[in-house]
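Peer 1: The sequence shown runs -25 to -1, 1 to 101 under mature numbering (1 follows the signal peptide of the UniProt record, and there is no 0).
Any given hint might turn out to be false.
[As the list claims (entries may be wrong)] Heads up, simulated PhoX-like pairs for lysine-lysine below, C-alpha to C-alpha not over 25 Å straight-line:
| # | residue 1 | residue 2 |
| --- | --- | --- |
| 1 | 60 | 24 |
| 2 | 29 | 79 |
| 3 | 7 | 79 |
| 4 | 51 | 100 |
| 5 | 51 | 92 |
| 6 | 24 | 65 |
| 7 | 51 | 65 |
| 8 | 51 | 7 |
| 9 | 7 | 92 |
| 10 | 100 | 79 |
| 11 | 65 | 55 |
| 12 | 29 | 65 |
| 13 | 92 | 24 |
| 14 | 92 | 82 |
| 15 | 24 | 55 |
| 16 | 100 | 60 |
| 17 | 29 | 92 |
| 18 | 7 | 87 |
For the record, the hints were derived by calculation from the structure and aren't laboratory data.
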Amino acid sequence: MTNSSFSLKALLVAGVLALPALATAAEPAMAKGGMLVDSHGMTLYTFDKDAAGKSMCNGDPCETNWPPLAASATDKASGKWSVIKRDDGKLQWAYDGKPLYTFKADKKDGDKIGDGKGGVWHVAKP
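Based on the sequences and whatever the hints tell you, model everything.
Peer 2: Take a look at the structure:
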């Protein structure tokens, strides 16, 4: 086998192995244990005071305690996932129209300390 054919085969194998990662890259979170978690396994929450596609958790202390699940300008809506614009102009992920947040008191994956806070914060479910 020549060096060029070996390199081509190596590239093809690398491309095939990368496909599963590329296929899931569009979704900003995943379902785990019946709830949505971010890419670090941290629990995601919804806020009852949000309107469909509109975050009502803006500025301090809300945004500090409940960091929005950030989206970038290149992120695109897909299926139940959408990108919304916050009052400060930053982008945030929403699932089924509900903006998503983490909770600052959750320290490790699986923590759900924010569930039920104030009667208005709830674990996001797929």
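Peer 1: If a hint holds in the structure, say so; if it does not, say that too.
Peer 2: Structure-based check of all given hints:
A hinted pair counts as satisfied when its Cα atoms are at most 25 Å apart, and residue 60 with residue 24 qualifies at roughly 16 Å. For the given pair, residue 29 sits about 21 Å from residue 79 by alpha-carbon distance, which is consistent with the 25 Å threshold. Restraint check for residue 7 and residue 79: the C-alpha separation of about 19 Å stays at or below 25 Å, so the hint holds. At most 25 Å may separate the alpha-carbon atoms for a hinted pair to count; residue 51 and residue 100 meet this at roughly 21 Å.
Of the supplied pair hints, the one linking residue 51 and residue 92 is violated, its CA atoms being roughly 30 Å apart against a limit of 25 Å. The suggested pairing of residue 24 with residue 65 holds, with an alpha-carbon distance near 19 Å, which does not exceed 25 Å. Among the hinted pairs, residue 51 with residue 65 is consistent with the structure: their alpha-carbon atoms are about 14 Å apart, no more than 25 Å. For a cut-off of 25 Å, the pair hint linking residue 51 to residue 7 stands: about 22 Å separates their Cα positions.
A hinted pair counts as satisfied when its Cα atoms are at most 25 Å apart, and residue 7 with residue 92 qualifies at roughly 21 Å. A C-alpha spacing of about 19 Å is found between residue 100 and residue 79, which places the hinted pair at or below 25 Å, so the restraint holds. Simply put, residue 65 and residue 55 have alpha-carbon atoms about 20 Å apart, close enough for the 25 Å limit, and the pair holds. Distance hint between residue 29 and residue 65 is fulfilled; the C-alpha atoms sit about 12 Å from each other, no more than 25 Å.
Restraint check for residue 92 and residue 24: satisfied, since their Cα atoms lie roughly 13 Å apart, inside the 25 Å limit. With a CA separation close to 16 Å, the supplied pair residue 92 and residue 82 stays within the 25 Å bound. At most 25 Å may separate the alpha-carbon atoms for a hinted pair to count; residue 24 and residue 55 meet this at roughly 20 Å. Our distance criterion of 25 Å between C-alpha atoms is met by residue 100 and residue 60, whose separation comes to about 22 Å.
Between residue 29 and residue 92 the alpha-carbon distance is near 20 Å, which keeps this suggested pair within the 25 Å criterion. Of the pairs offered as hints, the one joining residue 7 and residue 87 holds, with about 13 Å between alpha carbons and a cut-off of 25 Å not exceeded.
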